[in-house]
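In terms of the UniProt record's numbering, the sequence shown is residues 1 to 228.
Watch out, some of these pointers could steer you wrong.
[To be verified] Below, simulated SDA-like cross-link-like pairs (lysine to any residue); rule was C-alpha separation at most 25 Å, straight line:
{"hint": "1", "residue 1": "16", "residue 2": "89"}
{"hint": "2", "residue 1": "89", "residue 2": "78"}
{"hint": "3", "residue 1": "104", "residue 2": "85"}
{"hint": "4", "residue 1": "193", "residue 2": "4"}
[Stated by the list, open to error] Pairwise CB distance ranges, derived in the manner of DEER restraints:
{"hint": "5", "residue 1": "14", "residue 2": "211", "range": "37 to 47 Å"}
{"hint": "6", "residue 1": "112", "residue 2": "29", "range": "18 to 28 Å"}
{"hint": "7", "residue 1": "29", "residue 2": "101", "range": "20 to 30 Å"}
{"hint": "8", "residue 1": "206", "residue 2": "55", "range": "21 to 31 Å"}
{"hint": "9", "residue 1": "220", "residue 2": "13", "range": "18 to 28 Å"}
Read the hints as simulated data drawn from the structure, not as lab findings.
Just so it is clear, CB atoms sit at the ideal spot from N, CA and C, and this is done for glycine as well.
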Amino acid sequence: HCAAYTAVDAAEDEGKELNYAINVTGTENVAKAAAKYGATLVYISTDYVFDGEKPVGQEWLETDTPDPKTEYGRTKRLGEEAVEKYADKFYIIRTAWVFGNYGKNFVFTMQNLAKNHPRLTVVNDQHGRPTWTRTLAEFMCHLAENQKEFGYYHLSNDAAEDTTWYDFALEILKDTDVEVAPVDSSAFPAKAKRPLNSTMNLDKAKATGFDIPTWQEALKEFYRQGKK
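Let the sequences and hints guide you as you build the complete structure.
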């Protein structure tokens, strides 16, 4: 179940009802249908179910207590609870900083801005790890096809060092002449609070036998496939 309302700022006001309808009511419907037909449900969730305030250097565990601070995060947490309540067999996969071939994502945003701006500013106080959609999709299949233990999993691409959006932007644009300057989050006021720490602990995912490439390797392969 990958469908979701993800406009985190709009979810705070004009999109509030649609946000709830898709992320909560829609998920309840899917979970009930899965239970009715004995299907295994794979549900994609988000780091926004946490408060994002864990100290930098620490990672979010599957067992950490959710405490969403946005309407988007609140409805995704309610979606998780609906899956637990109605589905008999399920995987709930929390992820963050997703990029891929389709839809709006940070890689495309940086590339498009770089076409007309010789200098870009990117936040350097929000920490996490990027997630390639292919890595995420392969992990979903890995769990279901190998009938791994049901429950919660965290999944992003791996990283040897702490990563911020600024670091990600530098890697995306390293073969261009665009200057990337670091700023803090106050430079980009937003309706919905952004997590300062979105870094997921990957130990449980790795313990299933799934090989997780670094986000740098994932980005390089994404480019190699002709998406640059």
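The hints, checked one at a time:
Under the criterion of a C-alpha separation no larger than 25 Å, the hint pairing residue 16 with residue 89 is inconsistent with the structure, at around 29 Å. For the hint pairing residue 89 with residue 78, the CA-to-CA distance comes to about 17 Å; that is within 25 Å, so the pair holds. Annotation: proposed proximity of residue 104 to residue 85 is violated, straight-line Cα distance about 32 Å (limit 25 Å). For the given pair, residue 193 sits about 19 Å from residue 4 by alpha-carbon distance, which is consistent with the 25 Å threshold.
The beta-carbon spacing between residue 14 and residue 211, approximately 42 Å, falls within the hinted interval of 37 to 47 Å. At roughly 35 Å, the beta-carbon separation of residue 112 and residue 29 lies outside the given 18 to 28 Å, and the hint is violated. For the pair residue 29 and residue 101, the supplied restraint of 20 to 30 Å holds, since their beta-carbon distance comes to about 28 Å. For the hinted restraint 21 to 31 Å between residue 206 and residue 55, the CB-CB distance of approximately 23 Å keeps it satisfied.
Restraint check, residue 220 to residue 13: a C-beta distance of roughly 39 Å breaks the suggested window 18 to 28 Å.
In this structure, the hints that do not hold are numbers 1, 3, 6 and 9, in rising order.
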